[in-house]
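Here is what each chain is made of, one letter per residue.
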Amino acid sequence: MAKILVVDDEEGIRILYSMELHDEGYEVVTLPDGTGLIETLDKEQPDCVVLDIKMREYNGLDLLQEIRKKYYDMPVILNSAYSSFKVDLKAVAADYYVVKSSDLRELKDKLKVALEARIPRG
Amino acid sequence: MIAIQDNPRGITSAQVVVGIPSFNEAQTIAVPTMQADKGLSRHFSGRSAVIINCDNHSPDGTRRVFMETPTNSPKIYISTPEGVTGKGNNLRNLFERAVALKAQAVIVIDADLASITPQWIHSLGSPLFDKSEFVTPLYVRHKYDRLVNNSVAYPLTRALYGRRVRQPVGGEFGFSGRLAQSFLEAEGWNDAVANFGIDIWMTTIAMRSRAQIIQSFVGKPKIHRARAQESSASPVFENVVETVFQLMCRYEEFWKDVKWSRPTAVFGFGAELEVPPPIKLDTQRLWDRFASGVPSLWALYAQVIQPATLGKLAEVAELPREHFEFPTALWAKVLYDFARAYKNEVAPRADLISALGPLYDGKTLSFVIETEHMNTQQVEEIIEDQCIQFEKAKPYLLERWFGR
Numbered sequence: 001m002a003k004i005l006v007v008d009d010e011e012g013i014r015i016l017y018s019m020e021l022h023d024e025g026y027e028v029v030t031l032p033d034g035t036g037l038i039e040t041l042d043k044e045q046p047d048c049v050v051l052d053i054k055m056r057e058y059n060g061l062d063l064l065q066e067i068r069k070k071y072y073d074m075p076v077i078l079n080s081a082y083s084s085f086k087v088d089l090k091a092v093a094a095d096y097y098v099v100k101s102s103d104l105r106e107l108k109d110k111l112k113v114a115l116e117a118r119i120p121r122g
Numbered sequence: 001m002i003a004i005q006d007n008p009r010g011i012t013s014a015q016v017v018v019g020i021p022s023f024n025e026a027q028t029i030a031v032p033t034m035q036a037d038k039g040l041s042r043h044f045s046g047r048s049a050v051i052i053n054c055d056n057h058s059p060d061g062t063r064r065v066f067m068e069t070p071t072n073s074p075k076i077y078i079s080t081p082e083g084v085t086g087k088g089n090n091l092r093n094l095f096e097r098a099v100a101l102k103a104q105a106v107i108v109i110d111a112d113l114a115s116i117t118p119q120w121i122h123s124l125g126s127p128l129f130d131k132s133e134f135v136t137p138l139y140v141r142h143k144y145d146r147l148v149n150n151s152v153a154y155p156l157t158r159a160l161y162g163r164r165v166r167q168p169v170g171g172e173f174g175f176s177g178r179l180a181q182s183f184l185e186a187e188g189w190n191d192a193v194a195n196f197g198i199d200i201w202m203t204t205i206a207m208r209s210r211a212q213i214i215q216s217f218v219g220k221p222k223i224h225r226a227r228a229q230e231s232s233a234s235p236v237f238e239n240v241v242e243t244v245f246q247l248m249c250r251y252e253e254f255w256k257d258v259k260w261s262r263p264t265a266v267f268g269f270g271a272e273l274e275v276p277p278p279i280k281l282d283t284q285r286l287w288d289r290f291a292s293g294v295p296s297l298w299a300l301y302a303q304v305i306q307p308a309t310l311g312k313l314a315e316v317a318e319l320p321r322e323h324f325e326f327p328t329a330l331w332a333k334v335l336y337d338f339a340r341a342y343k344n345e346v347a348p349r350a351d352l353i354s355a356l357g358p359l360y361d362g363k364t365l366s367f368v369i370e371t372e373h374m375n376t377q378q379v380e381e382i383i384e385d386q387c388i389q390f391e392k393a394k395p396y397l398l399e400r401w402f403g404r
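Line order of the protein sequences matches chains S and W. 51 is the number that our numbering gives to position 51 of the first sequence; each next residue is one higher, with no gaps. 206 is the number that our numbering gives to position 206 of the second sequence; each next residue is one higher, with no gaps.
The reader is advised that the hints may include incorrect statements.
With the C-beta cut set under 8 angstroms, the calculated list includes, among others, these residues of chain S facing chain W [what the hints assert, rightly or not]: (1) ASP47; (2) TYR72; (3) ASP73; (4) SER84; (5) VAL87; (6) LYS90; (7) ALA94; (8) VAL98; (9) VAL99; (10) VAL113; (11) ALA117; (12) ARG118.
Hints are computed from structural coordinates only; laboratory data are not their basis. All C-beta atoms in this analysis are idealised placements derived from N, C-alpha and C, irrespective of residue type, glycine included.
Generate coordinates for the entire structure from the input sequences, incorporating the hints supplied.
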């Protein structure tokens with residue numbers, strides 16, 4: 001069972017994603033913001049991170065760069081209510097960018113692809 | 001291969017090497033040389049450094065201009081023998097010299113770069129002193145600049161090797177000394193690589209060797225001397241395609257197991273406020289080459305392209321110019337079929353690359369029509385969609401190549 005870490009400052013989103021992704025067969029852990037993010041990655045070793053961008057004290061685009069420094073190949077999906085951050089060069093380091101919607105099909109599709117993506121290790 | 005060298009300060013080692021490949025660049029090489037020197041002074045002052053002009057024995061005085069450009073950093077001039085040209089040959093000389101100097105970081109910049117700033121040297125070199133081994137630039141190019149990158153090199157290497165490197169034939173790179181050694185030891189050096197195939201060759205070898213790749217924001221769009229390079233008549237197209245196909249044959253055991261694609265890390269951020277100058281394309285010439293070339297090559301296409309795909313291509317070939325469109329999903333399959341034909345030598349390989357030309361011209365025309373009124377961001381979204389279509393069509397390649 002793949003483990004997904006959802007980082008979002010909206011409790012409603014964390015609850016909704018936990019339920020929906022659990023129903024899809026994923027194990028879900030959540031964080032309310034970037035506090036302790038790297039420690040959580042170290043401990044939980046998720047297969048993919050779903051990362052909000054605009055959180056009160058944290059910017060998901062900056063958190064993404066922190067993740068890439070330590071976990072170069074960790075799949076990360078940026079998930080924001082805003083499409084405008086898509087043009088930010090920092091977003092290039094994300095696997096996918098999904099604009100939040102009440103319909104989670106796109107997020108689920110991108111999660112599936114991100115988890116399937118494979119480059120041989122040799 | 002190094003026939004001439006000029007090393008007035010007797011440099012025998014350097015931690016950072018900036019290489020500037022050239023052929024007849026006397027008019028332009030002073031600018032990147034001075035900017036490289038400023039970048040080294042500003043960002044690598046604690047490290048030993050050298051600027052190397054690796055030249056093709058230019059008769060226009062490139063060597064004199066380079067050596068007389070005032071710099072704080074020492075300079076070395078090296079050249080291929082007279083009559084031996086090719087960017088790849090220049091870079092091979094650079095790899096040799098960088099290894100001999102025990103360089104930790106090698107930065108390559110084009111000799112005709114007009115928009116380079118000292119920041120470029122920082123952006124391309126600094127990640128090499130952290131974990132990265134191969135650095136490619138992130139910058140805005142005009143939507144019609146180096147179209148072979150957008151239609152062939154980027155989507156194909158991304159689908160094949162699984163790493164999203166936006167400028168695999170960008171012309172500017174940073175790489176580690178270890179990777180310079182790997183380039184020297186890599187097999188498969190040929191005429192295409194010795195010329196304009198060198199950029200995609202280096203990028204592919206970096207991907208294949210699992211080097212940690214980073215894309216680096218350099219702060220300004222790429223502005224360089226405009227060249228007539230966007231039709232299939234350009235040697236750039238033939239060299240790039242030949243190199244990609246040759247590497248597909250060599251690395252099939254690697255790319256067959258790659259699925260979808262992954263991003264790279266990114267270095268350096270900021271806003272790019274300038275826009276590159278416009279590039280005009282001769283769309284009538286593209287149309288003429290497509291419309292006249294396709295019928296004359298149809299018999300060969302029938303040997304190369306899978307029947308259902310050939311049927312779709314026939315539909316495209318019948319479209320009038322005012323409704324012309326070459327769907328990317330079809331283009332991906334056509335390229336995959338040509339790659340397979342190249343591997344199996346269905347026809348002489350040079351003939352196959354040449355026969356792909358009119359189809360590339362058609363795809364280029366279709367891209368120009370589609371993006372004529374689009375801004376840079378909109379065009380980037382089109383290119384991203386093209387890449388996804390190449391990735392989705394990969395099972396077609398696997399079936400055709402391996403008979404799965």
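Hint by hint, here is what the structure shows:
no., hint, result
1, ASP47, "13 angstroms, violated"
2, TYR72, "6 angstroms, holds"
3, ASP73, "6 angstroms, holds"
4, SER84, "11 angstroms, violated"
5, VAL87, "5 angstroms, holds"
6, LYS90, "6 angstroms, holds"
7, ALA94, "6 angstroms, holds"
8, VAL98, "14 angstroms, violated"
9, VAL99, "13 angstroms, violated"
10, VAL113, "6 angstroms, holds"
11, ALA117, "4 angstroms, holds"
12, ARG118, "4 angstroms, holds"
Hints 1, 4, 8 and 9 from the list above are not met by this structure, while the remaining hints are.
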